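J.: For the record, the sequence lines run as chains A and B. Residue 109 in this note's numbering is what sits at position 109 of the first sequence, and the numbering runs on without skipping anything. Residue 57 in this note's numbering is what sits at position 57 of the second sequence, and the numbering runs on without skipping anything.
No lab work stands behind these hints, which were simulated from the structure alone. Check before you lean on any hint, since a few could be wrong.
What the hints assert, rightly or not - Some chain A residues flagged as far from chain B (calculated, every beta-carbon gap over 10 Å): (1) ARG48; (2) GLU114; (3) LEU128.
Said to hold, decoys possible - Straight-line Cα separation of at most 25 Å, DMTMM-like style, residue types lysine to aspartate or glutamate; simulated pairs: (4) A:LYS3 / A:GLU52; (5) A:LYS26 / A:GLU109; (6) A:LYS154 / B:GLU96; (7) A:LYS152 / B:GLU4; (8) B:LYS6 / A:ASP130; (9) A:LYS26 / B:ASP300.
Said to hold, decoys possible - One-sided excerpt, in silico: chain B residues whose CB lies under 10 Å from chain A: (10) LEU9; (11) GLU21; (12) VAL39.
Just so you know, these numbers come straight off a predicted model, no measurement behind them. Using N, Cα and C, we set each Cβ at its ideal position, and we do this for glycine too.
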Amino acid sequence: MNKEEFCQRFSEVQDELYRVAFIYLKNREDAKDVVQETAYRCYKNIGRLKNEEYFNTWAVRTGINCSLDILRKKKHAVNIIQEIPDDDLNSSAADTAEARIFLEKLMFELSDREKTVVIMRHMYGFSLNDIAKSLKIPLSTVKSTLYRAMDKLKKEGHIYEQ
Amino acid sequence: MNSEFKTALESLSVPDNISEEVINGVDRAWRYKIMKKKVFGACGIAAVFVICAVIAFIGIQNKPLIIPDDALIRVSSIDCMTGKPVLIAVSAEGKELGELEYESVTYLDENNQSIDPDEIFYFTAYWIDENGEIAFSEISAGGVSVQVDTKYGNKCYKLMDFNTNDWNNQLTFSMFNEKYAFTDKNDVYSDENAKVTMYFSEDDGKMSLKTEIDSKDEPFNRIVKTVPVRYQVFSSVPEMLGGMGGTRIEGELNVSGAIELYDGKKLITEGCEMYVNLSDDETAQKYWIRVAELAAQLDDGSIIYISGDWLAEFEA
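Assemble the whole structure, with the sequences as input and the hints as a guide.
T.: In structure tokens:
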């Protein structure tokens with residue numbers, strides 16, 4: 001896969017990657033850095049992808065890892081923002097208010113592991129076993145983490161109950 | 001993706017220049033790959049150089065002795081354990097090139113036929129001291145030329161024993177009963193094909209001796225001039241042919257010209273007049289003349305020596 005083909009393929013997931021990264025890092029610049037770093041890692045290691053059918057999943061998984069890496073580097077930084085700036089939301093969306101509430105709970109109330117489990121399970125449909133293998137944690141831990149995360153999201157009668 | 005989660009996620013705006021981030025990331029990865037290739041290439045080239053250097057070093061260690069075609073082979077010594085000669089290659093300029101590593105040595109006659117050195121030829125072995133000088137020499141087995149089978153291939157060389165004027169380092173040739181012979185000072189080999197003819201004539205009260213050498217073998221066919229060096233004259237009948245019976249009247253002839261023997265007797269040879277005074281042994285019935293040593297000059301100017309035996313007899 002040459003550069004042009006890669007960029008073309010990557011463009012299909014770049015927005016999604018940015019948004020996932022934003023959920024973790026809570027600011028635009030860091031999310032953009034994650035997108036760049038993900039593109040870097042994916043292109044560098046494109047030879048390791050045995051089946052291009054899983055390109056999107058692989059890219060998102062790489063993006064989550066990049067986000068967690070940056071968070072680890074910034075673990076001593078204190079994030080004082082507790083809500084999503086308006087600039088970072090699409091104003092045209094009819095349900096922006098509800099989405100904002102959901103996203104803010106996802107971003108600010110869940111731990112990084114809880115975010116990861118929720119995103120992998122409910123956004124990308126990973127099986128619990130795959131999540132356990134991916135995060136290298138026991139299946140029971142995945143289950144309890146997912147349960148706890150969903151419980152937090154359900155509180156206050158959130159519309160995105162599963 | 002769960003549609004409700006997707007809807008919520010898509011409410012997050014994405015910067016317009018997000019594609020630039022992708023391009024930047026891909027460019028970084030591309031540069032990394034290029035750099036990796038270069039580094040690996042440089043390492044590969046370095047590795048090749050190292051391997052070549054190692055091979056070259058090993059090659060130098062095992063470098064075959066390069067021997068020019070005009071080199072001579074000197075027998076530097078005889079291995080006391082194996083009895084084989086230790087052969088040293090010597091350049092045409094006289095520089096020692098090194099000791100030959102050989103698997104076998106085949107001695108060849110003038111027709112390049114294999115010969116047994118123990119039975120046929122003899123050569124002079126040289127012991128070389130640390131300065132490359134001949135410390136001393138000893139007669140040992142050898143031949144006219146030698147084919148050395150080295151691990152680098154076969155080559156045929158002339159032994160350098162020829163063409164020196166040093167008696168001690170010289171192959172000598174003897175005449176024995178009108179036959180030429182290769183010999184050292186003690187051992188004799190008769191060459192059945194060689195022929196020597198001695199002519200005696202008396203003219204004006206002078207006996208004349210002429211020596212002819214007829215042989216197609218090297219180096220006889222290269223002789224351009226013979227120079228009598230030393231004759232021996234015996235009176236009375238020898239006890240056996242080639243023996244030393246009777247009264248020996250001996251004199252040294254150093255160079256050509258009129259030679260006077262120490263006892264006053266003289267002989268004349270062609271190109272070299274010699275006179276013998278027979279009056280000292282009036283009881284003698286016959287006189288036997290022996291060419292003790294005869295020098296011959298080859299076409300390249302070098303001198304070889306021929307030692308002989310009984311050649312002619314004449315009445316008193």
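J.: Each hint should be assessed against the structure and marked as holding or not.
T.: Evaluated hints:
no.: 1; hint: ARG48; verdict: holds, 13 Å
no.: 2; hint: GLU114; verdict: holds, 14 Å
no.: 3; hint: LEU128; verdict: holds, 15 Å
no.: 4; hint: A:LYS3 / A:GLU52; verdict: holds, 15 Å
no.: 5; hint: A:LYS26 / A:GLU109; verdict: holds, 12 Å
no.: 6; hint: A:LYS154 / B:GLU96; verdict: violated, 100 Å
no.: 7; hint: A:LYS152 / B:GLU4; verdict: holds, 17 Å
no.: 8; hint: B:LYS6 / A:ASP130; verdict: holds, 21 Å
no.: 9; hint: A:LYS26 / B:ASP300; verdict: violated, 105 Å
no.: 10; hint: LEU9; verdict: holds, 5 Å
no.: 11; hint: GLU21; verdict: holds, 4 Å
no.: 12; hint: VAL39; verdict: violated, 14 Å
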